[in-house]
Amino acid sequence: MRLRTLTSVALCLLTSQAMAASGDAPIEPASQASIGPQESLALPGDSIYHLDVDMVDQRGETIALSVYAGKPVLISMFYASCPMACPMLIADVTALEDKLTAEERAGLRVLLVSLDPEADTPEELRGVVERHVIDQSRWRLASPPEPRVRDIAALLGISYQAIEGGELHHSSIITLLDSQGRIIEKLDGLQQSPEPLLQALRALE
Amino acid sequence: MFVLLAITQTLLAAPLVQGGSHQPFYPPSSGQEQVKVEAFRLDAAPVTVGEYRAFVIANPSWARGAAPPIFADAGYLSQWTSPTDPGDLTPTEPVTGVSWFAARAYCRAAGGDLPTVYQWEYAADATADAPAGGRKDEATLARILAWYGEGPGAALRPVSQGSPNYWGIYDMHALVWEWTVDFNSLLISADVREAGEEEDLRFCGAGALSARDVEDYASFMRFALRSSLEAAYTTENLGFRCAYAP
Numbered sequence: 011m012r013l014r015t016l017t018s019v020a021l022c023l024l025t026s027q028a029m030a031a032s033g034d035a036p037i038e039p040a041s042q043a044s045i046g047p048q049e050s051l052a053l054p055g056d057s058i059y060h061l062d063v064d065m066v067d068q069r070g071e072t073i074a075l076s077v078y079a080g081k082p083v084l085i086s087m088f089y090a091s092c093p094m095a096c097p098m099l100i101a102d103v104t105a106l107e108d109k110l111t112a113e114e115r116a117g118l119r120v121l122l123v124s125l126d127p128e129a130d131t132p133e134e135l136r137g138v139v140e141r142h143v144i145d146q147s148r149w150r151l152a153s154p155p156e157p158r159v160r161d162i163a164a165l166l167g168i169s170y171q172a173i174e175g176g177e178l179h180h181s182s183i184i185t186l187l188d189s190q191g192r193i194i195e196k197l198d199g200l201q202q203s204p205e206p207l208l209q210a211l212r213a214l215e
Numbered sequence: 002m003f004v005l006l007a008i009t010q011t012l013l014a015a016p017l018v019q020g021g022s023h024q025p026f027y028p029p030s031s032g033q034e035q036v037k038v039e040a041f042r043l044d045a046a047p048v049t050v051g052e053y054r055a056f057v058i059a060n061p062s063w064a065r066g067a068a069p070p071i072f073a074d075a076g077y078l079s080q081w082t083s084p085t086d087p088g089d090l091t092p093t094e095p096v097t098g099v100s101w102f103a104a105r106a107y108c109r110a111a112g113g114d115l116p117t118v119y120q121w122e123y124a125a126d127a128t129a130d131a132p133a134g135g136r137k138d139e140a141t142l143a144r145i146l147a148w149y150g151e152g153p154g155a156a157l158r159p160v161s162q163g164s165p166n167y168w169g170i171y172d173m174h175a176l177v178w179e180w181t182v183d184f185n186s187l188l189i190s191a192d193v194r195e196a197g198e199e200e201d202l203r204f205c206g207a208g209a210l211s212a213r214d215v216e217d218y219a220s221f222m223r224f225a226l227r228s229s230l231e232a233a234y235t236t237e238n239l240g241f242r243c244a245y246a247p
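Top to bottom, those sequences are chains A and B.
Numbering-wise (the working numbering), the first sequence opens with residue 11 and increments by one.
Numbering-wise (the working numbering), the second sequence opens with residue 2 and increments by one.
Because the hints were derived from the structure by calculation, they are not lab data.
Check each hint, because a few of them may be wrong.
[Said to hold, decoys possible] List time: in silico SDA-like cross-link candidates among lysine to any residue, alpha-carbon distance up to 25 Å:
1. B/Lys37 <-> A/Glu177
2. A/Lys196 <-> B/Lys37
3. A/Lys196 <-> B/Ser229
4. B/Lys37 <-> A/Glu174
5. B/Lys137 <-> B/Ser161
All chains should be modelled from the sequences, with the hints used to inform the complete structure.
Below, the structure is given as structure tokens:
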């Protein structure tokens with residue numbers, strides 16, 4: 011807890027001036043930025059779908075981060091060879107889906123993005139799908155280009171670091187996106203109560 | 002010709018940092034005290050207002066008001082008088098008020114990327130005449146802490162004043178805080194824990210990380226700051242510089 015407290019102190023140091031300076035700055039209208047936007051969609055400024063990235067999914071199809079635009083999405087990050095946290099993460103998403111009615115479930119999509127795209131080929135991703143009996147009509151597991159992994163992690167507030175031996179330390183955050191890619195709710199950490207996220211999902215409909 | 006010129010300028014402006022072994026302030030895992038840092042180039046100075054203005058003009062999608070809020074919050078370049086006019090800011094002072102996404106886009110357009118935490122800390126540990134040792138040097142630490150103590154508010158001086166460090170790099174300390182590409186890497190081993198441990202796992206994990214040298218409060222402040230950031234944040238004392246392949 012000490013680290014957290016001091017982190018807050020540091021944040022205060024950093025932001026106090028910025029708050030003073032920008033507190034009454036007008037919020038300017040967001041338009042489209044060339045690094046990100048999906049041209050065909052009029053996206054709200056706080057949509058993560060502004061990030062323009064091509065990923066390869068478990069079937070070998072090239073998909074955009076916005077592949078499920080138009081529907082609410084649960085999005086998180088994982089990697090196929092992850093021994094402990096990622097199977098738990100998938101179990102958490104599955105448990106959450108189990109609390110939905112069949113109709114609610116049919117309207118929801120799940121996108122799991124790899125933190126280790128060099129290892130996570132479509133074959134590896136398919137292996138995860140088969141081990142966990144995943145409904146491929148509504149779930150996609152996908153690998154972005156390596157330099158884009160941290161962009162997606164940054165959008166989702168996911169921290170990660172490679173450690174010796176090929177494992178990754180990473181935070182497990184399950185994020186609910188609305189149909190336009192805005193972040194509505196997060197489950198931060200494994201085995202959290204899904205209730206806040208379920209409520210947020212039902213409020214979308 | 003232009004490309005050649007640009008490459009030459011990059012080489013001059015971004016000195017080579019020889020590879021070596023680095024002792025991270027927070028080791029990546031227990032049992033791994035050292036990390037290897039490969040040779041890289043690092044901008045001799047933080048990116049300036051003038052340089053960033055040229056980037057914004059060449060890349061209008063990164064102008065204030067054009068970049069969507071998911072990439073840069075409402076403070077983005079808020080000191081500028083217009084999307085392409087820095088107003089009273091001098092062209093040679095470090096640009097601040099830029100988000101991680103914006104800083105990273107700049108560096109990628111320049112052929113590099115933001116430095117990693119290890120690269121940045123490794124380069125910053127150089128003294129005037131040695132490649133490492135700044136973290137153990139009392140005079141260096143005193144200078145850094147005096148700057149931390151000043152707090153925000155003072156106008157920023159131009160970059161590359163004073164003397165460079167061993168690598169020929171200026172302003173690693175005591176001018177602005179700087180973005181790193183993996184600012185959000187520090188964690189917090191909560192999610193590699195065994196199942197079923199006690200609650201408050203995220204911060205248990207954080208607290209369990211052991212800082213190498215508790216006396217190195219300057220390093221601690223940088224890590225604490227980084228872990229408090231989010232990628233769209235902008236503030237007026239946070240800038241950046243870029244790293245490149247050797």
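Here is how each hint holds up against the structure:
1. B/Lys37 <-> A/Glu177: holds (17 Å)
2. A/Lys196 <-> B/Lys37: At roughly 35 Å apart (the allowed maximum being 25 Å), B/Lys37 and A/Lys196 break the hint.
3. A/Lys196 <-> B/Ser229: holds (18 Å)
4. B/Lys37 <-> A/Glu174: holds (11 Å)
5. B/Lys137 <-> B/Ser161: holds (24 Å)
Checked against the numbered hints given earlier, this structure breaks only hint 2.
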